[in-house]
Amino acid sequence: MNLLTAQAPGGVPRSGKGLALGILRFMLVALALVLSLGFTQVAVAQADPDREMTTAAPGITADQWRQVRSGETGPNYRDSRADSNYSLINASGETWRQIRNRWVSPFGLIAVFGMAALIALFYFIVGRKELEAPRTGRLLLRWTLMKRALHWTVATLFIILAITGMTLLFGKFVFRPLFGDGVWAWMIAATKVLHNYLGPIFGILLVILLVSVIKENIPKKHDLVWFKKGGGMIGKQHVDAGFANGGEKAWYWLLATVGILVVASGFVLDFPNFDQSRDTMQWANIIHAVGALGLTAVSLGHIYIGTLGTEGALEGMTTGYVDETWAKEHHNLWYEEVKDQTLSEQEVAARKSSGGSADPSATRTS
Amino acid sequence: MAQMKFMCDAERCIECNGCVTACKNANDVEWGIQRRRVVTLNDGEASEMSISVACMHCDDAPCMAVCPTDCFYKTDDGIVLHDKDLCIGCGYCLYACPFGAPQFPQQDAFGERGKMDKCTFCAGGPAESKEEEYQKYGSNRIAEGKLPLCAEMCSTKALLAGDAQDVADIFRQRVVHRGHKDGAWSNNPQASADNLAYDAAHKG
Ligand code: HEM
Ligand code: SF4
Ligand code: SF4
Numbered sequence: 001m002n003l004l005t006a007q008a009p010g011g012v013p014r015s016g017k018g019l020a021l022g023i024l025r026f027m028l029v030a031l032a033l034v035l036s037l038g039f040t041q042v043a044v045a046q047a048d049p050d051r052e053m054t055t056a057a058p059g060i061t062a063d064q065w066r067q068v069r070s071g072e073t074g075p076n077y078r079d080s081r082a083d084s085n086y087s088l089i090n091a092s093g094e095t096w097r098q099i100r101n102r103w104v105s106p107f108g109l110i111a112v113f114g115m116a117a118l119i120a121l122f123y124f125i126v127g128r129k130e131l132e133a134p135r136t137g138r139l140l141l142r143w144t145l146m147k148r149a150l151h152w153t154v155a156t157l158f159i160i161l162a163i164t165g166m167t168l169l170f171g172k173f174v175f176r177p178l179f180g181d182g183v184w185a186w187m188i189a190a191t192k193v194l195h196n197y198l199g200p201i202f203g204i205l206l207v208i209l210l211v212s213v214i215k216e217n218i219p220k221k222h223d224l225v226w227f228k229k230g231g232g233m234i235g236k237q238h239v240d241a242g243f244a245n246g247g248e249k250a251w252y253w254l255l256a257t258v259g260i261l262v263v264a265s266g267f268v269l270d271f272p273n274f275d276q277s278r279d280t281m282q283w284a285n286i287i288h289a290v291g292a293l294g295l296t297a298v299s300l301g302h303i304y305i306g307t308l309g310t311e312g313a314l315e316g317m318t319t320g321y322v323d324e325t326w327a328k329e330h331h332n333l334w335y336e337e338v339k340d341q342t343l344s345e346q347e348v349a350a351r352k353s354s355g356g357s358a359d360p361s362a363t364r365t366s
Numbered sequence: 001m002a003q004m005k006f007m008c009d010a011e012r013c014i015e016c017n018g019c020v021t022a023c024k025n026a027n028d029v030e031w032g033i034q035r036r037r038v039v040t041l042n043d044g045e046a047s048e049m050s051i052s053v054a055c056m057h058c059d060d061a062p063c064m065a066v067c068p069t070d071c072f073y074k075t076d077d078g079i080v081l082h083d084k085d086l087c088i089g090c091g092y093c094l095y096a097c098p099f100g101a102p103q104f105p106q107q108d109a110f111g112e113r114g115k116m117d118k119c120t121f122c123a124g125g126p127a128e129s130k131e132e133e134y135q136k137y138g139s140n141r142i143a144e145g146k147l148p149l150c151a152e153m154c155s156t157k158a159l160l161a162g163d164a165q166d167v168a169d170i171f172r173q174r175v176v177h178r179g180h181k182d183g184a185w186s187n188n189p190q191a192s193a194d195n196l197a198y199d200a201a202h203k204g
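Chains A and B are the protein sequences, given in the same order.
Residues 1 to 366 in the UniProt record's numbering are what the first sequence spells out, letter by letter.
Residues 1 to 204 in the UniProt record's numbering are what the second sequence spells out, letter by letter.
No wet-lab data here; the hints were simulated from the structure.
This structure is a prediction, so every number in the text was calculated from the model and none was measured.
Glycine is no exception: its CB is placed at the ideal position from the N, C-alpha and C atoms.
Heads up, a few of these hints could be off.
Claimed, not checked - Just some of the chain A residues that point at chain B, by a computed CB distance under 7 Å: (1) L88; (2) K172; (3) V174; (4) L178; (5) Y197; (6) F271; (7) W283.
As the list claims (entries may be wrong) - Keeping only pairs whose Cα atoms sit at most 25 Å apart, straight-line, the calculated BS3-like set for lysine-lysine is: (8) A:K215 with A:K236; (9) B:K130 with B:K24; (10) B:K130 with A:K172; (11) B:K146 with A:K172; (12) B:K24 with B:K115; (13) A:K129 with A:K236; (14) B:K157 with B:K84; (15) A:K172 with B:K84; (16) B:K74 with B:K24; (17) A:K228 with A:K147; (18) A:K220 with A:K352; (19) B:K74 with A:K172.
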């Protein structure tokens with residue numbers, strides 16, 4: 001490798017006819033080369049730093065390098081790459097990397113697994129919330145088929161998105177060493193496709209779900225009391241709750257704010273065809289990951305309370321009906337409104353077989 | 001074990017885009033992708049200056065740190081390469097890269113970008129056969145004992161490629177030869193403080 005002195009191609013003509021001419025030409029070229037070398041020597045010998053300074057192009061000033069560093073491009077900035085909208089230096093790239101790798105990644109993991117650990121601890125110390133009075137066997141319609149279907153679709157998509165999203169963030173630390181490159185290549189490709197195609201479906205269904213239950217989730221004064229009493233855990237007395245209690249409303253509004261933010265930032269990441277800048281993508285990614293990991297952590301609480309944590313809650317979302325006792329103990333204000341609409345198990349079975357779990361359009365106190 | 005580096009002497013680059021063409025040619029880079037680009041600052045003004053940029057094969061490479069598939073690796077020569085079989089085209093490497101080096105063949109809805117492509121320092125990439133390597137990553141000149149074609153063909157030798165120490169030595173000689181305090185970068189306000197020409201001449 002000879003980087004300093006680029007080889008100039010020699011001018012030896014190959015024609016056999018004018019050999020004499022060729023030799024003459026060669027000698028002329030050689031002479032020119034020798035002469036020019038001599039001149040270069042002279043020029044080197046006379047190199048005068050100050051003189052060179054005055055004849056050199058002014059060059060780029062410190063301010064201009066600073067501008068480059070800031071990621072801005074001025075009006076006289078040119079990039080030879082087709083359709084390039086990049087600055088010379090992507091100034092925020094390293095910041096994004098640090099935020100994502102140093103903060104979002106480890107603390108996201110702590111949030112999700114910390115939450116899981118807390119819930120496990122809570123379960124072993126406090127245990128399941130059982131019904132206090134025996135079931136009456138009379139049932140109340142809580143969730144129509146439509147809403148149940150919507151809930152479970154959104155929930156399933158959420159879980160898939162949470163798992164695939166976390167695989168994008170943490171998978172390389174676990175699955176690559178575990179399964180090797182062959183499986184990992186297939187797995188991470190599937191992960192991305194699932195996440196990127198199911199995400200928008202989740203987003204649309206989430207909005208529909210939020211709209212369909214907004215009436216029940218308008219905050220009321222008694223919700224404040226509910227929170228002060230820790231949902232009835234502090235003081236061990238019953239606290240007022242309508243169709244949705246304070247905790248459920250908090251989850252609703254978390255989804256309606258952070259959830260929408262996650263969906264919106266997800267859409268920004270998912271559609272690079274709109275030519276968003278790298279900076280926009282960096283912000284979208286941080287908002288998306290922080291929001292998504294936060295929601296994932298809180299969703300564990302929601303899942304616990306809805307399944308293991310509370311006797312009788314899951315039935316509402318699976319069968320659509322809850323026991324009268326459960327309604328009385330957990331949603332007393334709602335119960336007061338709908339207590340004249342209780343049905344026996346036979347009546348519920350009859351309704352279901354006739355195909356209609358029609359909403360008895362009871363007005364609900366939220 | 002070398003530490004391969006590019007360096008573009010902005011005092012010399014004349015914006016001929018020879019490096020861009022050489023790269024396209026050496027690596028048969030697919031349509032729409034240009035692994036090397038020439039950026040010109042203050043175009044048309046007296047202070048116009050150009051610099052050729054591609055992947056700089058960072059020591060602590062941001063692309064490598066953020067890739068969800070962990071498909072990057074560093075060769076013994078300090079060259080940052082990636083495995084296109086693992087790449088999912090998420091674009092993260094591009095968000096992180098300081099030099100806009102990673103590029104994608106497409107940019108479609110649902111994050112469909114295809115496999116990321118970037119400068120390989122003419123060192124190819126992971127593949128079963130030579131043909132596959134060439135088809136996916138371009139030529140592997142390093143394996144043949146050659147340096148990247150862009151630098152080899154640079155008409156003004158503004159673009160240097162090679163072991164960091166060699167590149168630094170060449171640049172140092174130039175700075176010494178230029179003689180003045182600003183020899184490395186014009187109008188460096190720090191010139192008298194970090195007098196490169198002085199350092200280079202006296203320390204060696
Ligand atoms: C609440 C459910 C969701 C969760 C838990 C979730 C989680 C995540 C996580 C953790 C990441 C990785 C971030 C990183 O590696 O830095 C991610 C990336 C991403 N998410 Fe989501 N996400 C959710 C919903 C969505 C939605 C609704 C969309 C689309 C509308 C979406 C689109 C994306 C995209 C495009 C990426 C970038 C990954 C890539 O391009 O391959 N996500 N998500
Ligand atoms: S792609 Fe960018 S971040 Fe990665 S090594 Fe090259 S220059 Fe550095
Ligand atoms: S686009 Fe490919 S190489 Fe770049 S970060 Fe994503 S998976 Fe890694």
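Hint-by-hint comparison with the structure:
For L88 (chain A), the suggested interface contact is upheld, since its CB lies about 5 Å from the closest CB of chain B, less than 7 Å. The criterion of a C-beta within 7 Å of any C-beta in chain B is met by K172 (chain A), whose closest approach is roughly 4 Å, and the hint holds. Look at V174 (chain A): its Cβ only gets to about 11 Å from chain B, farther than 7 Å, so that hint breaks. Because the beta carbon of L178 (chain A) sits about 13 Å from the nearest beta carbon in chain B, more than 7 Å, this interface hint is broken.
Among the interface hints, the one on Y197 (chain A) holds; its C-beta lies about 6 Å from the nearest C-beta in chain B, closer than the 7 Å criterion. Taking 7 Å as the C-beta contact cut-off toward chain B, the hint placing F271 (chain A) at the interface holds, the least distance being around 5 Å. Interface hint at W283 (chain A): violated, since its Cβ lies 10 Å from the closest Cβ of chain B, which is beyond the 7 Å cut-off. The hinted pair formed by K215 (chain A) and K236 (chain A) fails the criterion: a straight-line CA distance of about 29 Å is larger than 25 Å.
Restraint check for K130 (chain B) and K24 (chain B): the C-alpha separation of about 18 Å stays at or below 25 Å, so the hint holds. Simply put, K130 (chain B) and K172 (chain A) have alpha-carbon atoms about 28 Å apart, too far for the 25 Å limit, and the pair is violated. Proximity of K146 (chain B) to K172 (chain A) is assessed by CA-CA distance (about 34 Å); at most 25 Å being required, the pair is judged violated. Distance restraint check for K24 (chain B) and K115 (chain B): the Cα-Cα separation of roughly 17 Å lies within the 25 Å cut-off, and the hinted pair is therefore satisfied.
As the CA atoms of K129 (chain A) and K236 (chain A) are separated by approximately 12 Å, the hinted pair is consistent with the 25 Å bound. Of the supplied pair hints, the one linking K157 (chain B) and K84 (chain B) is violated, its CA atoms being roughly 32 Å apart against a limit of 25 Å. Our distance criterion of 25 Å between C-alpha atoms is met by K172 (chain A) and K84 (chain B), whose separation comes to about 16 Å. A threshold of 25 Å between alpha carbons decides the hint, and for K74 (chain B) with K24 (chain B) the separation of about 23 Å falls inside it, so the pair holds.
A threshold of 25 Å between alpha carbons decides the hint, and for K228 (chain A) with K147 (chain A) the separation of about 30 Å lies outside it, so the pair is violated. Distance hint between K220 (chain A) and K352 (chain A) is unfulfilled; the C-alpha atoms sit about 34 Å from each other, more than 25 Å. Only pairs whose Cα atoms come within 25 Å are accepted, and K74 (chain B) paired with K172 (chain A) is accepted, the gap being roughly 17 Å.
Violated hints, in rising order: 3, 4, 7, 8, 10, 11, 14, 17, 18; the structure is consistent with all others.
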